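Novice: Take a look at the letters that make up each chain.
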Amino acid sequence: MADAAPVRVVLAKLGLDGHDRGLKVVARMLRDGGMEVVYLGLRQTTASIIDAVEQEDADVVGISMLNAGHLTLGPLMVDALADAGLDVPVVIGGIVPDEDRPTLAAAGVAGVLGPGSPAAEVVACVQAAAARRGL
Amino acid sequence: MVNPGSRPDSDSGPGFRTLSGIPVDGVYGDGPFPGEFPYTRGVHAEMYRSRLWTMRMFAGFGTAGDTNARFHELLRAGGSGLSTAFDMPTLMGRDSDHSWALGEVGRAGVAVDTVEDMVDLFAGIDLGAVSTSMTINGPAPILLGMYVAVAEEAGVERSRLAGTLQNDILKEYQAQKEYVFPPRPSVRLVTDVIRFTTAEMPRWNPVSISGYHIREAGSTAAHELAFTLANGFAYVEAATAAGLHVDDFAPRLSFFFNSHNDFFEEVGKFRAARRIWARWMRDRYGATDERSLKLRFHTQTAGVSLTAQQPEVNIARVALQAMAGVMGGTQSLHTDSHDEALALPSEEAARIALRTQQVIAHETGVANVADPLGGSHYVEWMTDEMERRATDVFEHLEDLGGGSILEGVYAGIESGWFAGEIADAAYRYEREVNAGERIIVGVNAFTEGNDAERARLLRIGQDTEDLQLKRLAAVKQSRDDRAVADSLRRVVAEASDPTTNLMPALMEAVRARTTIGEIIEALEGVFGTYVEQAVI
Chain F
1 MADAAPVRVV LAKLGLDGHD RGLKVVARML RDGGMEVVYL GLRQTTASII DAVEQEDADV
61 VGISMLNAGH LTLGPLMVDA LADAGLDVPV VIGGIVPDED RPTLAAAGVA GVLGPGSPAA
121 EVVACVQAAA ARRGL
Chain A
136 MVNPGSRPDS DSGPGFRTLS GIPVDGVYGD GPFPGEFPYT RGVHAEMYRS RLWTMRMFAG
196 FGTAGDTNAR FHELLRAGGS GLSTAFDMPT LMGRDSDHSW ALGEVGRAGV AVDTVEDMVD
256 LFAGIDLGAV STSMTINGPA PILLGMYVAV AEEAGVERSR LAGTLQNDIL KEYQAQKEYV
316 FPPRPSVRLV TDVIRFTTAE MPRWNPVSIS GYHIREAGST AAHELAFTLA NGFAYVEAAT
376 AAGLHVDDFA PRLSFFFNSH NDFFEEVGKF RAARRIWARW MRDRYGATDE RSLKLRFHTQ
436 TAGVSLTAQQ PEVNIARVAL QAMAGVMGGT QSLHTDSHDE ALALPSEEAA RIALRTQQVI
496 AHETGVANVA DPLGGSHYVE WMTDEMERRA TDVFEHLEDL GGGSILEGVY AGIESGWFAG
556 EIADAAYRYE REVNAGERII VGVNAFTEGN DAERARLLRI GQDTEDLQLK RLAAVKQSRD
616 DRAVADSLRR VVAEASDPTT NLMPALMEAV RARTTIGEII EALEGVFGTY VEQAVI
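If you're matching them up, the sequences are chains F and A in order. Everything in the first sequence is counted per this note's numbering, starting at 1 for the first residue and increasing by one. Everything in the second sequence is counted per this note's numbering, starting at 136 for the first residue and increasing by one.
Possibly wrong hints are sitting among the right ones.
[As the list claims (entries may be wrong)] Label-pair restraints from in silico Cβ distances:
1. A:W235 / F:L86: 18 to 28 Å
2. F:R132 / A:H497: 47 to 57 Å
3. F:A4 / A:A609: 52 to 62 Å
These are calculated hints, taken from the structure and not from any lab test. Bear in mind the structure is a predicted one, so any value in this text is a computation, not a measurement. Where is the CB? At the ideal position from N, CA and C, for every residue including glycine.
Sequences and hints are given; from them, build the entire structure.
Specialist: This is how it looks when you write it as structure tokens:
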């Protein structure tokens with residue numbers, strides 16, 4: 001059986017938060033896990049992320065927030081992708097209280113990764129999100 | 136507290152006995168003693184016998200009124216200084232109604248758009264009597280201007296104000312990433328603040344040279360030490376190039392370090408920091424005032440070490456890290472709240488964190504003897520090793536900068552060297568934890584109890600953003616638009632002349648109720664906007 005094409009992930013800090021340690025670690029974990037990572041870095045907007053998704057034909061978007069903005073920005077990203085006609089799941093990493101997870105799931109966020117998530121969990125979460133897309 | 140004489144060999148008086156009543160001296164071992172060059176053992180002879188460290192708890196969330204209430208609570212609970220956390224839009228110099236601010240207003244700190252918010256933030260607090268630390272960098276001169284304006288409108292002259300402005304832009308490019316302008320004009324703003332406070336605010340620390348964020352971003356302890364001191368040397372070079380004499384401003388430079396889990400590594404780092412600073416300031420930068428040679432620092436326990444799993448265990452981590460800061464001779468301390476890996480600190484968690492410091496100060500006896508670990512073979516070796524590793528970094532930066540640390544730091548920022556070193560170390564650590572080579576209690580071992588019920592978390596609702604937007608709109612409505620426009624024209628004109636100190640123009644602007652965002656955008660027109668090259 002031929003190997004499937006590697007999962008392509010766009011990683012970005014959406015908004016103003018500058019804490020990029022976690023996202024950089026996740027980038028390397030995913031790369032080491034065989035995925036193709038497009039790392040956009042800091043101060044991205046939903047529009048700049050959508051541009052990258054279209055240009056890079058990405059399978060998954062990963063955004064990171066450690067500033068308590070996830071309930072606003074997570075759904076905003078999901079809706080912006082849908083409005084652009086893109087069926088690309090969104091995974092959120094950062095400090096997200098457990099009780100917010102159902103709200104994010106209901107808003108269409110495909111996965112949430114908290115601080116200290118092991119590499120295997122990070123890779124599995126992104127893989128599961130990509131699979132949801134029917135890859 | 137009893138205050139015995141400062142001589143290390145003198146009778147320490149009846150106030151300093153062990154729990155069982157054994158009298159103890161103020162210091163043990165050989166010289167150089169605490170208070171003596173190169174200050175490895177501490178900057179004061181008596182250390183905590185004459186004065187405990189300042190228990191300075193960082194707080195900020197929601198509207199200025201919300202944070203003001205937390206300030207009053209912390210002061211009532213025995214905190215001895217204020218420390219302000221601003222929200223992301225404020226840290227980035229953007230108004231609450233900027234499109235970037237959506238979802239971030241008041242979330243990770245307090246929202247400040249105009250001087251009116253600062254009036255609310257410090258309502259009912261005598262600014263002549265407290266000391267205030269403000270964690271702000273890119274827009275630091277604007278926030279300082281607002282603080283001075285609030286104080287003066289309340290009748291407190293600027294010369295009486297005590298506090299610290301973080302104003303350490305170099306580490307932003309290296310680690311924390313809250314910059315606005317490119318490095319060189321940003322450093323000009325730093326030196327403008329140094330010149331301003333040196334002339335007019337003798338009790339103010341114009342820069343808090345911060346390793347904290349470098350470490351949080353993932354660096355090793357040795358790199359935290361080395362990058363931070365290199366940034367300090369860079370500011371000394373920049374301020375002297377701007378015409379100041381080193382002894383005019385260096386006594387007011389202060390530092391801010393992380394205290395992480397490896398107890399002896401941290402103590403060695405703090406001791407090495409003092410020794411290196413003293414030697415470099417005397418031998419390389421020609422400082423002669425003893426105060427220029429003494430490295431004073433604030434410590435915060437390592438936020439990044441806090442776990443979301445079994446968060447109560449973080450209380451123990453914080454206590455041990457705080458103990459390392461105290462044994463290392465810190466001048467002030469913030470202890471993290473145990474719920475910070477889950478959310479912003481709740482009031483109850485913040486109180487436990489403050490109580491932890493009070494236990495260390497009043498129950499453990501560690502404050503009775505200066506540099507209690509000095510002379511330990513391991514601690515002395517670690518201190519030397521930290522210095523050796525830092526020296527390697529200084530040599531590398533001098534190579535990059537053609538002999539100048541300032542130029543070396545610019546080069547290291549522009550090439551992504553600092554960010555790359557930090558990211559490498561962060562990933563190495565993560566892999567060690569993943570592979571189980573490094574045990575983190577509750578994360579990769581001893582996980583029974585991880586599913587326990589979670590404590591109450593602090594949440595900031597949408598109403599904060601709505602309130603702040605109304606507040607901002609009201610200020611814009613009631614101000615004199617012509618004064619605002621005039622003040623911005625002056626800011627632009629004076630920004631274009633690097634020899635002019637921008638502080639007076641910024642003070643005029645904030646008094647006219649010009650917003651942070653309006654001032655920052657005007658300055659961006661002159662200085663440009665920095666976009667980093669993303670490295671992973």
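Novice: Look at each hint and say if it fits the structure.
Specialist: The hints, checked one at a time:
{"no.": "1", "hint": "A:W235 / F:L86: 18 to 28 Å", "in the structure": "holds, 22 Å"}
{"no.": "2", "hint": "F:R132 / A:H497: 47 to 57 Å", "in the structure": "holds, 56 Å"}
{"no.": "3", "hint": "F:A4 / A:A609: 52 to 62 Å", "in the structure": "holds, 57 Å"}
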